[in-house]
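Asks: In terms of this note's numbering, the sequence shown is numbered consecutively and its last residue is 751.
The set of hints was computed from the structure by calculation and includes no laboratory data. Glycine included, each C-beta is placed from N, C-alpha and C at the ideal position. Keep in mind that a hint or two might mislead.
Unchecked claim - What follows is a list of derived Cβ distance ranges for each label pair: (1) Glu643 to Thr343: 31 to 37 angstroms; (2) Val487 to Ile233: 27 to 33 angstroms; (3) Ser218 to Leu568: 16 to 22 angstroms; (4) Ser360 to Asp338: 23 to 29 angstroms; (5) Pro437 to Thr156: 45 to 51 angstroms; (6) Arg220 to Glu493: 27 to 33 angstroms; (7) Gln266 to Glu467: 37 to 43 angstroms; (8) Glu643 to Glu281: 34 to 40 angstroms; (9) Asp427 to Ser503: 19 to 25 angstroms.
To be verified - Once the Cα atoms are required to be at most 25 angstroms apart in a straight line, the calculated DMTMM-like pairs of lysine to aspartate or glutamate come out as: (10) Lys612 to Glu638; (11) Lys331 to Glu380; (12) Lys447 to Asp496; (13) Lys447 to Asp427; (14) Lys447 to Asp486; (15) Lys276 to Glu290; (16) Lys331 to Glu378; (17) Lys612 to Glu643; (18) Lys447 to Glu510.
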Amino acid sequence: MSTKVSDHILERLREWGVDHVFGYPGDGINGLLAAWGRADNQPRFVQSRHEEMSAFEAVGYAKFSGRVGVCAATSGPGAIHLLNGLYDAKLDHVPVLAIVGQTHRTAMGGSYQQEVDLHTLFKDVASEFVETVTVPEQLPNVLDRAIRTAYARRCPTAIIIPGDVQELDYSAPTHEFKMVPSSLDRSDWTAVPSQESLERAAEILNSGAKPAILIGQGAAGARAEVERIAELLGAGVAKALLGKDALSDELPYVTGSIGLLGTRPSYELMRDCDTLLTIGSSFPYTQFLPDFGKARGVQIDIDPHMVGMRYPYEVNLVGDAKATLQRLIPMLDVERGGREWYDTVCGNVSRWREVMERRAQQSADPINPEYVAHVLDPLLPDNAIVTSDSGSTANWYARHLTMRPGMRASLSGTLATMGPGVPYAIGAKFAHPDRPAIALVGDGAMQMNGMAELITAAKYRDLWEDPRLIVAIWNNHDLNQVTWEMRAMEGAPSFLPSQQLPDVQYAAFARSLGLTGIRVEKPEDVEAAWRAGLEADGPAVLEFLTDPAVPPIPPHASWEQMEATAASILKGDADRASMVKQGFKAKVQEFLPGREKK
C-alpha cells in the first residue's frame, strides 16, 4: 500500500516525539483519521467534547511537559473553535501546533460548504507561521518548520491541509529547482547578554539598599540561581501568576503573587524598594510596580521583543534566565550592608500568612471560599499539578496555595479566558499520567464547558497510572469576579440577569458518569471532601457551596474602589448586607494585633 500524505504527517509527528494529538473529528480531516486507523492510533488521538477544549488541552500538555502541544480539527467550524485556546497559547508563550483540514482544492473559492478562509483566520493567532499544504512535496518542510517555530518562538503555529491533499500519495521533495528540503534536528541553544551589559546590570544591583525581584514563568528553569541572587542581594521575591510555581513559597523572602490578585507583602515590596530585577516576566500592570523614578531597574528576558516596555529599566539583558544569572551572580557585591530590608520583607510575609489564616477562618454563608483553598494547601501532594480557571477562584489559588519544590501550577495568565481549568488538567494528565492533577474552577466556567469535559476525563481515566484528577468547584451561583469588578470599578450594583447562575448538581452529574462526586454544604465537611478526592481511585468532582459575598479584596484597596463599592451598596445591591459584613471582616484581619499599620 502506498504511503499517503496523511500517513506521512503522523509518521513525521512520531519522529518529532509527539505522542498525543488533542482533537475532534470532522470530514475535513477524514484522510487523517483514516491514517490514524492505519497507524494503530500513534500518536494517540485524544477526543475532547469540543475543539476549544482540544486546544486548551494541548496548551495544558505543553505547559506541563515542556513539549509542543498538538491539536487537530476539521475545516470551517472546527478550525474556528480552536481559536480561543490558540490565543491562550499565543499570549502565554506556549508552543502549540494546530493541524486543520480544508475543503478540497477543486472547491476552494467556490463558497463551498464549510469553506472558510483559514489562512486569514489564523494569520494573527499563528502569526509566526501558518501555511497551507497544496502538494505532497511541500509537506516535510511545512510541518518541520511549524514545529521548530513553535518551540523557538514559544508560540502557536498552524498548518492547513485540504482534504484531497491528505489522500494523495506522498512523494518527498527532490534535489530540484524550487524544492525545499527539510530536517528533523532541533539543537539546543542558549542566548546570553554581552559582558558590558552584565557589568552595567551588576553596578545597578550592587547600588541598591532595598532590592526587589519579580519573576515569571521564564525563571522556572533557574530556580537555584534565583535563590542565590535573592540571598546575595537580601531581596524579596514576588511572582507574576504565570511564575507561581517557579520558586518555592516556603522560602521566607518569597512574597507571593503580585497584582490585583496578589498579596500585601508583594505590594509593599514594590512600593518600598529602590532596585528592581525582573526575571522572565512581562507582568503588564505598571501600577503594581515601583513608582517611576523611585527604583533603578534591570530586566532579564529571552525575547528581545518583550523587553523594556513594562518599566523604565536601565539595562535590558536579553538572554536565558539561568545562563544570564550564572554570569551575573559572580559580579555582585557579597559584602553588602545590614539586613534590615530583608528582615522587613520576611516579617511582612509572616504577617500576611497570619492574615490569610484569620480570613480563611471567618464564618460565611454557607462556606467561606477562602477556607476551601486554605484547607487544600497543606493536603497537596508534593508532586501535584494544580490548574486554576479565571474568576474569583484565581484569587484564592493565588493567595492561599503554597507552592513547594516539585509542584506545578498554571492558569490562563494573559488572556485570562474562562474555561481552561479542566482541560488544562486533562492535558496535564496526559503529560504526566503518574501525577495527581487538581483543577480549581468557578461555577461559571464549569457551566461554560467544564461539565462536558468531565466526560473526557471519564473516557480516558484508565490510561493514567495515577488516575486522580480532582475538579473542585466553587458553587456560589454568581459570576463572582465580574460582579466584584462592577461593584469596585464601576460603582454599580450586581445586575442579576447577567450575574446570577443556576444551581447545578455538579457532584450528581459526576456520579452519573461513574466518577466520585461530593457536594459540600457545611464548612466542617470541607477537609473530609478534599481527603476523599485525594484518596479516590479515579477522577473526582468536589462541589463546595460558597458565599459570593466574600470579597476578593485587592492588596492595595484604594479609597476610590472602596467608595465605589459603597456607592453600589447605596444603589441597592441585591447582596449588600452580607457583602458589607464579609468585606469588613476580611479587611479588618490586616489590622489586628501583630499587624504594623502603614
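Asks: Has the hinted range 37 to 43 angstroms been met by the Cβ atoms of Gln266 and Glu467?
Replies: Taking Cβ atoms as reference, Gln266 and Glu467 lie about 58 angstroms apart, which means the hint is violated.
Asks: Given the hint of 31 to 37 angstroms, is the C-beta distance from Glu643 to Thr343 inside that range or not?
Replies: Since the Cβ atoms of Glu643 and Thr343 sit about 47 angstroms apart, the hinted range of 31 to 37 angstroms is violated.
Asks: Taking only the CA atoms, is the gap from Lys447 to Asp496 under or equal to 25 angstroms?
Replies: holds, 21 angstroms
Asks: Please check whether Arg220 and Glu493 have a Cβ separation lying inside 27 to 33 angstroms.
Replies: Given a distance of about 45 angstroms, which is not inside 27 to 33 angstroms, the answer is violated.
Asks: 34 to 40 angstroms was suggested as the range; check whether the CB atoms of Glu643 and Glu281 agree with it.
Replies: Cβ of Glu643 to Cβ of Glu281: about 37 angstroms, so the range 34 to 40 angstroms holds.
Asks: Determine whether the Cβ-Cβ distance between Ser218 and Leu568 falls within the hinted range of 16 to 22 angstroms.
Replies: holds, 20 angstroms
Asks: Using the Cβ atoms, figure out if Val487 sits within 27 to 33 angstroms of Ile233.
Replies: Since the Cβ atoms of Val487 and Ile233 sit about 57 angstroms apart, the hinted range of 27 to 33 angstroms is violated.
Asks: Given the hint that Lys331 pairs with Glu378, does the C-alpha gap stay at or below 25 angstroms?
Replies: Given pair Lys331, Glu378 is violated - Cα atoms ~48 angstroms apart, limit 25 angstroms.
Asks: Given the range 45 to 51 angstroms, decide if the beta-carbon distance of Pro437 to Thr156 lies inside it.
Replies: holds, 48 angstroms
Asks: Taking 25 angstroms as the top limit, are the C-alpha atoms of Lys447 and Asp427 close enough?
Replies: Between Lys447 and Asp427 the Cα gap is close to 6 angstroms, so the pair holds against 25 angstroms.
Asks: So if I understand the rule, the pair passes when the alpha-carbon distance is 25 angstroms or less; does Lys331 with Glu380 pass?
Replies: The given pair, whose Cα atoms are some 52 angstroms apart, is violated under the 25 angstroms limit.
Asks: Is Lys447 within 25 angstroms of Asp486, Cα to Cα?
Replies: Holds, at about 22 angstroms.
Checked against the numbered hints above, the structure violates hints 1, 2, 4, 6, 7, 10, 11, 16, 17, 18; every other hint is satisfied.
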